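**Student:** Please dock the two separately framed chains into a single complex, following the hints provided.
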Amino acid sequence: MKKKKASEDKGKWLHSACGMCIGAPMQVKVKNDKIVEVRGEDIPDWDGKVCGKAISGIGSRVYPPDRILYPLKRTGDRDNSKFIRCSWEEVIDALAEKLKEYIDAGHPELFEIWWGCPYQQDNVNFIHYWSAVLKTGISYLHGQVCFGDHAVEKSVTFGPNHASNLVFGVTDWLRTKYAVIAGQNFPGTANNAGGCCPVVFWKIVNQAKENGCKFVMIDPKLQDSAPWADEWIPIRPGSDAAFALGVANILISEKLFDEEFLLGYTNGPQLIREDNGEAIKDKEGNYLVWDPATQSAKPIPEADRADGLTLGLGETFKVSVDGETLLCKTVFQMFAETAEKYSSETPVSQEKIHEIAMGLGKNRPSAILFPGMTSGRYTNWFQTLRAYSVVNLLLGNIDQPGGFYFLKNQFDLGTGWPEPPEVPKYGEGMTFVPGPWGNLMSNKTIDKEPCYKEPKEFHPATQALPWLHFEAIEKGELKAVISSAENAAITQPDSKWVEECLKKLDLLIVGDQVPKDMMHLADYVIPEASYLERYHMYFTYYLAADDKEHSVLFMRSAAIPPQGESQPLSWFLAEVAKKLGLGNYFENLDLEYAWWDRMLKKADLYPGVTAKGLIDDGPYDETHPIEYNLLFKPIATRSGRFEIYSNELAEECYFNEKSTWHKSPYVNPIPDYIPIVEPKNDDEFYMVCGKATWHQKSATQHDRYLMEDAIEGDCEYIPIYINRKRAERLGLDDGDQVEVECIGPTKEDDPHVYHELAIGNRERGRVKLTEGLNPETVWIYFAAGHKSDLMLEKSQKGISANWLTPCSVSPYAAGPGKNYSIVKIHKIEEQG
Amino acid sequence: MSRYGIVTDLNRCVRCRTCYVECKRSHDILAHPRDDHHPYEYYRLRYVEWERGRYPTVKRSFIPLHCVQCDEPICIRFCPIDAISKRKDGIIHIDRGECNGCGVCAMICPYGALYIDHENKADACDLCVDRSIPACVEMCPAGAKLFGDLDDPDDKISKVVKAEIAKPLIIKSAENRRVFYIPSPNEKGWESLEADDAFKQALEKRKKDLPPVKGIL
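Which chain is which? The protein sequence lines are A and B, in order.
Numbering (the working numbering) for the first sequence: 1 to 832.
Numbering (the working numbering) for the second sequence: 1001 to 1217.
With the rest of the complex left out, here is chain B (with noise of 0.2 Å):
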């Protein structure tokens, strides 16, 4: 069976956000500025951003994140009520009519990959398995995106990752062998990235846009 993923240059990534809207518009998530009465953000995909060193020569990263689909999710393993499985070809399903929005594995999955949508279910990234390409991949106008076939020897996404130019971002050892990126001169160390304390609350702030966990871990 094949196994799809996506790269992502950060070098041609021009920051213009059509990823996040794209995705959220091709799955009907709901768009709604976060304010005082609408405390939650709801996204499959969301960026990462943060800053390192001391003017003037700091750099700002930048990455679009979404769900990785490591290769033994945390968040199988942690659901209380196994709402969320594997399928047979690898990407992470969340069954909605089980799923009772315990924010359990929006919590504890280390990329903050999942979130509790508006209608109290959780929702990740499943690398769109309803379409041939994923969307935020088949609009990206900077043509930062590649989707294909990492087991195809000839698909020039396998042979980026097979070359060591696209790397996994690895948090927490969770391993995965789908969703990789080309570092640009902004994620210096990128194999490091995990003990950058910048990239760490970066990552962190994304826990303000959950809910309060309703389950017992």
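So that you can see chain A by itself, here it is in the shape it has in the complex (with noise of 0.2 Å):
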């Protein structure tokens, strides 16, 4: 054997970042101008090692036959469309031109730009700076459809101090003794790492694995990662409250809970009143908890005092207040009966709920119930994320051994957005509120305006609110759009209606490296630098197999220059602002270097680390040893405790008669297991789209090195997955074509769908059969159906969820329902 290491070979290593999914700092081999390797970098746990998406990117977002080199324009109407090339010069004028147009007219919010994932797209700070200064929109669209209900329901759950670790997950797997993962496709896409790098949570959840920790899968279908762990219980969509809840019932009635937990750290003894379920209050306005010393009640103290608590199960109290005497309950009593009470509805065995209850509660703290982040998400989807972490609640697995880990040392790096004398003053009449990754928006801006009036219709958690913006279209209260690193015309709910409206748009521009479906739409096309042509820095912050926390900062460089015209997206805006006149709030913005060093200012780590080292020495990595204080900052809930009965839910929403959602089961402060529609015929069926292990996000989905092999199963082409018993009885075998309609749910099936015009949309794929997959679903993975003949021919075959998937929005945490959809199916008879 020949005997060369890769590093040795000639060519230059140099420090820069993936952009293919959720960000990694790697190292990139260039040879004559050219990336020719790439590999990860030499800290933990990457040692030395990317997955398959960071290396297709190269041939398939840098170097593909296909990308876009040039500016291009629009010539036919959006149904026709064809593309010339086109100059800079006349993108820039199209878009200074109507930004002049809608400034002068007094609203430059008729403008917005729409972007997508934080790893892929350009400089994040930068296009929220732009848009206070042009008092813009801004939007990060797909956000919402990404996470945003789970963002609300850990905020209202575990206060906004603790939310972000528990939306992904993040576990103390060394320790982990039983965890069960659902709607995710685990370990396959990763989510349980704190937002982290698949490369670093393989190597962590293997070693958990071989410690001895058992998985148990709760998902619709058997996804091609999960046969990884050791069980599946395929459940049936929208079923997962009750499942939770039959859980929660086993626990309590074993009597497998932790009381300590639960009377330190949530409001489990919180007193209720017994004849309306409203919270019960003294004079000043504080909660009550029952004294069982003094036989009275007294204020809910603070976290971590559980003396002379009780939880009150089976009790009832009398309480006084004001000379009046009330009967009350806890709020664990009253978890407890809605447990009790929808325990027998879920279609998992009560065989199975027990052996997985037991399975928890004897683990416990050291295990862990993840709702997941891609195959649920119905209407019911907020009440059903509630649910779960009250399972998590009784199992005191916050913050403790093996259970759910709060990562306690992230860098204070604020937005780097430039101040005055820098940059003139700017946002002025503006107020300001916060948006995601830690930028400022307008409190006016169609996603905030919602969040912040009195009383809140929505959470401010919410990372957008979608369908407000498509509508706004409708109604003409929004005109241009700029769209870059997101597809909302694939990936929203009611895709379908998306495209009608943004046909409707004045002008939309889109830009990318590579096809996508937004592209046919669009006036023009413009060039971005792909990931490895541009500048930002990022964070990582997750558990390493070495069991401490990392605290990263790496830099995406510019390994290469932009291929072709390409140019980033920062700069072709700050050049609209120019031709504006508005040149000074720019021009001498450095986005390579200063704007990430104001960042690291700011987090007190410069001079020692600057941006131009972080890509001339390679990432900075902080360790620390894990240390379990679940209060290092203040649980910021009303009640200053984890919340199992929902202040903020009662008081907002439930018994707040002026709320939108006054008295609406789907912000009970209690979890509440809603059913949603079901399929009722033969030829019926759930409709659900989940993510492939190494297709989660819409960088790869024009991938041809990706998309080369099946997407799963050894299938050759796109297909529908089908039960093969139910798909025997309707007499379909493996590659029939079968035409997929939306049947619902219909706004009379359930209150929370927006409008119906998905039912009756029609698309047509080629079936194939699989043991795998709950009889009452269909499956389908969101590599499938694009719609632009753009795009690789593979990626346009099969069906395309969103299309059948009616809008609905499920209140207060804005849930998109985008699993929410039933189909009905029939063969199409082919000729030969």
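Errors might be hidden in some of the hints.
What the hints assert, rightly or not - Which chain B residues face chain A? A few, computed with CB under 7 Å, are given here: (1) Val1014; (2) Arg1025; (3) Ala1031; (4) Pro1033; (5) Asp1035; (6) Arg1054; (7) Pro1141.
Stated by the list, open to error - With a straight-line Cα cutoff of 30 Å, these simulated DSSO-like cross-link-like pairs (lysine-lysine) come out: (8) A:Lys352 with B:Lys1059; (9) A:Lys177 with B:Lys1200; (10) B:Lys1207 with A:Lys214; (11) B:Lys1059 with A:Lys214; (12) A:Lys680 with B:Lys1059; (13) B:Lys1121 with A:Lys31; (14) A:Lys725 with B:Lys1208; (15) B:Lys1162 with A:Lys209; (16) B:Lys1205 with A:Lys725; (17) B:Lys1205 with A:Lys827; (18) A:Lys34 with A:Lys73; (19) A:Lys10 with B:Lys1200; (20) A:Lys34 with B:Lys1121; (21) A:Lys827 with B:Lys1208; (22) A:Lys352 with B:Lys1207; (23) B:Lys1059 with A:Lys827; (24) B:Lys1167 with A:Lys214; (25) A:Lys725 with B:Lys1059; (26) A:Lys827 with B:Lys1200; (27) B:Lys1167 with A:Lys209; (28) B:Lys1088 with A:Lys10; (29) B:Lys1208 with A:Lys787; (30) A:Lys177 with B:Lys1156; (31) A:Lys479 with A:Lys100; (32) B:Lys1207 with A:Lys827; (33) A:Lys214 with B:Lys1159; (34) A:Lys214 with B:Lys1121; (35) A:Lys725 with B:Lys1207; (36) B:Lys1059 with A:Lys824; (37) B:Lys1188 with A:Lys177; (38) A:Lys725 with B:Lys1086; (39) B:Lys1086 with A:Lys214; (40) B:Lys1059 with A:Lys177.
Everything labelled a hint here was simulated from the structure, so no lab data went into it.
Note that the structure is a prediction, hence the values are computed from the model and not measured.
In this text, a Cβ means the ideal position worked out from N, Cα and C, and glycines have one as well.
**Tutor:** Take a look at the structure:
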């Protein structure tokens, strides 16, 4: 064997970052001005490795044969689009002209920036700054589809200080003994790493498995990576909350809950009026608990104080307030009653529920129940998430060995927005509220206005309210859009409606490196510099297999110049602003180094850590020992404790007569099970769309490496999966062509269906029979059914889930119901 | 002489396809999604994936498969123009200058491990003879692959083989002593895999990626 290390090859290794899913520090080998190889950084747990997405990105996103290298202009109408090459100047003029028109009319918000994944996006902070200067709209449109309702639920249950770690289910894997993961294609899509790169996650989760942790997958489909786990529970879509409440019921009846944790850190002891379900308060407005020693109510103590409290299981208390005596129960007792009520409604067998509950309960607190990120999401999903969270509270697994873990060493980086005198003053007349990624947004933007009125219609932790933007186009309140690193035309529910709305725009500019669905609707396509041709600083926080907490900073650097005439989005936006006479806000900005150095200064890391240093020397990796201390920040809920009964939901929505959601079970302060509509006939099914391990992001949808092999199951075509027995009843065999028609949910089926335009939409595709699928479900993968004929032929095959999914919106959390679709299937006879 | 080999631990494999992509990149194998215009796929490493059992007690098995470097390769025996040989170190070598792309080797290989590339030449895994570590092993993010000297008693790979934790995949009695797998519970009955109809069908599907044989058996 010839001994030769790759690193000894000719060429130069540079430090940069992957941009194919959720970002990773990465080395890039450049030889003769061309990227020839990539590898992971030599820090835990990349250890020199990257995944297939990072490798394929070079051939499929940096150097693909159909890379968009020049600005393009559409000729013909949007139904028959053709593109010709044009100049940057023409696109800059086109947008500047529109913006001038809108600004002169006093309505800069008629233009919006729609952005998507922060790891694929050019300078997320700059585009928010640009929007603040020009007072335009901006929206993290995809963020809500991705995790917005999770963010709300975690904020409601755990308080905003503790929410982010739990959204992504950061887990102390090396000590975990029992893990139940739902809706996730686990471990393939790797969310339980705190939003960190899967390479890091796969190492530690394999270590957990070898340490003896048992893994149970809850999902309608035995997805591609799920057989890695020990067991699969093929849940019926929409019934997850009943499953979670069934588990909770066993934990309570078998006394497998953590009483000390519930007394000390949750509002389980809080008293609730038996007559109306409202929290009882004293004159000062304090929530009350029962004091067994004095046989009277007292204010709920701050977290960490469990003594002198009771969970009041099976008890009713007579509480005197203002001379009135009221019968009360504890939150814990109320939840126990709810859990018992719904425990038999899950289609999962009681034996299996019992087995799982025992597995979780006996291993507490080193056991977790995680609701997943992808293949759930119905209008009842917010309450489902609440039910999952309460099971975890029963297990007392929050920031405990082997449970969920709070990463405690995160950098306070801010946004890097420049301040006067570096730039003139901006934002006058605007009220800024928190936006995604620590940025600020006007409270008058489409996404924020409903979250800051009294009472709040939607929670401020929502990432976006996507349907309102499409509706604004229909009403003429939004006329021009630039879309970058997002793909609303395929990723938003009821995407046929979305497409019709997009066609009404006066101006649509779409940026990317390769073709995608939005492009055939665009007036201009701009060639954005790829992720290895521009600059961006990133952070990532995670637990590694060295049993330490890591806080890593790394820089995306331009390993090669932008190909062709491509440019970063920030360059284009700055040029537009200059045309509008706003150059003094942009012309002296250094987006390569100084922007990030400002952030490093805010975090007190500069000059020890600099943007240039991160490029020259590689990532900054700060390690800390694991420390369990869930009160490292105050619990910022209304009771100061993790809330089984949400006082926020009670006061803001459920008992608030002014709220849109008054008395809605979808915002019941106690987690509720609300069944979703069911398919009724033999040819009707739930339709669920999942993410394959190597197709998590829009970056991979037009990837000639990743689209080459089967999506899964050694199936050479892009399939619609159907349970074998159900298929045979319909006379279907592998490869048969079928028509799939959306038949629900209708508004009559579900009050939170926003409109029914998707009902009756039809798509065609070929079926693949499988034993690994809940019989009531048909399943497709996100890598299917793309509509643009500019895309790879294979990407266009199959059906588009969102084309067949009605737009539904869950109360308060604005959950998009992205898997809430009932379809009817029939075979298409083919000649020959 | 050392006897280099690969062990794949199917318990650790997360089915991420990194080995497939890295193999293609490192050997400049053409990537193009199979479609109506490009019916054949080019690969040195591919997956055999199949289901066993009935709902809901179904298992899904998944094996990253490449040339196992048979002791007595049938591809050498059947190559009509003797373009395939074994190197001194036992690794199969395809002489691209000689190969006429007839496709007999690919069709006859019981593992479906050879393919005909876009330049009409036979190609297969050679354990990355020009690298110190095969690309698929070096980049596996799950740590599911081991590479080493099977004749070195201190090498981890030889230990797991000797302890019979890692087992060869034997099809049609094609003895091989270089490519081993640590089966997961999804691959119960490893030794009798060859008799499993679902596995046989999955393996047979790989032949769909081959152009028609142009030679004479």
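**Student:** Against each hint, give a clear statement of whether it holds in the structure.
**Tutor:** Status of the hints after comparison with the structure:
Nearest Cβ of chain A to the Cβ of B:Val1014: about 5 Å, under the 7 Å cut. The hint holds. For B:Arg1025, the interface hint holds, since its Cβ comes within 7 Å of a Cβ in chain A; the closest pair sits about 5 Å apart. A hinted interface residue such as B:Ala1031 counts as satisfied when its beta carbon comes closer than 7 Å to some beta carbon of chain A; here the least separation is about 5 Å, so the hint holds. Interface hint status for B:Pro1033: upheld, as the beta-carbon distance to the closest one in chain A is roughly 4 Å, under 7 Å.
Using the Cβ-Cβ criterion of 7 Å, the hint placing B:Asp1035 at the interface with chain A is satisfied: the shortest such distance is roughly 4 Å. Here the hint on B:Arg1054 is kept, as its CB sits about 6 Å from the closest CB of chain A, short of 7 Å. Look at B:Pro1141: its Cβ gets to within about 4 Å of chain A, closer than 7 Å, so that hint holds up. At roughly 18 Å between alpha-carbon atoms, A:Lys352 and B:Lys1059 fall within 30 Å of each other, so this suggested pair holds.
Note on A:Lys177 and B:Lys1200: the hinted pairing is violated, with a Cα-Cα distance of about 37 Å set against a maximum of 30 Å. At roughly 38 Å between alpha-carbon atoms, B:Lys1207 and A:Lys214 are farther apart than 30 Å, so this suggested pair is violated. Between the alpha carbons of B:Lys1059 and A:Lys214 the distance comes to roughly 17 Å, so the proposed pair stays at or under 30 Å and holds. For the hint linking A:Lys680 to B:Lys1059, the alpha-carbon distance of about 29 Å falls within 30 Å, and the restraint holds.
With a C-alpha separation of about 28 Å, the suggested pair B:Lys1121 and A:Lys31 falls inside the 30 Å cut-off, and the hint holds. Restraint check for A:Lys725 and B:Lys1208: satisfied, since their Cα atoms lie roughly 26 Å apart, inside the 30 Å limit. Our distance criterion of 30 Å between C-alpha atoms is met by B:Lys1162 and A:Lys209, whose separation comes to about 24 Å. For the hint pairing B:Lys1205 with A:Lys725, the CA-to-CA distance comes to about 22 Å; that is within 30 Å, so the pair holds.
Simply put, B:Lys1205 and A:Lys827 have alpha-carbon atoms about 24 Å apart, close enough for the 30 Å limit, and the pair holds. Between A:Lys34 and A:Lys73 the alpha-carbon distance is near 29 Å, which keeps this suggested pair within the 30 Å criterion. Straight-line distance between C-alpha atoms of A:Lys10 and B:Lys1200 comes to about 44 Å, which puts the hinted pair past the 30 Å bound. Of the supplied pair hints, the one linking A:Lys34 and B:Lys1121 holds, its CA atoms being roughly 27 Å apart against a limit of 30 Å.
A threshold of 30 Å between alpha carbons decides the hint, and for A:Lys827 with B:Lys1208 the separation of about 25 Å falls inside it, so the pair holds. Between A:Lys352 and B:Lys1207 the alpha-carbon distance is near 41 Å, which puts this suggested pair outside the 30 Å criterion. Under the criterion of a C-alpha separation no larger than 30 Å, the hint pairing B:Lys1059 with A:Lys827 is consistent with the structure, at around 28 Å. Between the alpha carbons of B:Lys1167 and A:Lys214 the distance comes to roughly 25 Å, so the proposed pair stays at or under 30 Å and holds.
For the suggested pair A:Lys725 and B:Lys1059, the alpha carbons sit about 16 Å apart, so the restraint of at most 30 Å is met. For the suggested pair A:Lys827 and B:Lys1200, the alpha carbons sit about 29 Å apart, so the restraint of at most 30 Å is met. Of the supplied pair hints, the one linking B:Lys1167 and A:Lys209 holds, its CA atoms being roughly 21 Å apart against a limit of 30 Å. Among the hinted pairs, B:Lys1088 with A:Lys10 is consistent with the structure: their alpha-carbon atoms are about 29 Å apart, no more than 30 Å.
Restraint check for B:Lys1208 and A:Lys787: satisfied, since their Cα atoms lie roughly 28 Å apart, inside the 30 Å limit. For the hint linking A:Lys177 to B:Lys1156, the alpha-carbon distance of about 27 Å falls within 30 Å, and the restraint holds. For the hint linking A:Lys479 to A:Lys100, the alpha-carbon distance of about 13 Å falls within 30 Å, and the restraint holds. Of the pairs offered as hints, the one joining B:Lys1207 and A:Lys827 holds, with about 28 Å between alpha carbons and a cut-off of 30 Å not exceeded.
For a cut-off of 30 Å, the pair hint linking A:Lys214 to B:Lys1159 stands: about 27 Å separates their Cα positions. Among the hinted pairs, A:Lys214 with B:Lys1121 is inconsistent with the structure: their alpha-carbon atoms are about 47 Å apart, more than 30 Å. Simply put, A:Lys725 and B:Lys1207 have alpha-carbon atoms about 28 Å apart, close enough for the 30 Å limit, and the pair holds. A threshold of 30 Å between alpha carbons decides the hint, and for B:Lys1059 with A:Lys824 the separation of about 28 Å falls inside it, so the pair holds.
In summary, the hint linking B:Lys1188 to A:Lys177 is supported, as the alpha carbons are separated by about 24 Å, within the 30 Å threshold. Restraint check for A:Lys725 and B:Lys1086: not satisfied, since their Cα atoms lie roughly 48 Å apart, outside the 30 Å limit. As the CA atoms of B:Lys1086 and A:Lys214 are separated by approximately 45 Å, the hinted pair breaks the 30 Å bound. For the hint pairing B:Lys1059 with A:Lys177, the CA-to-CA distance comes to about 23 Å; that is within 30 Å, so the pair holds.
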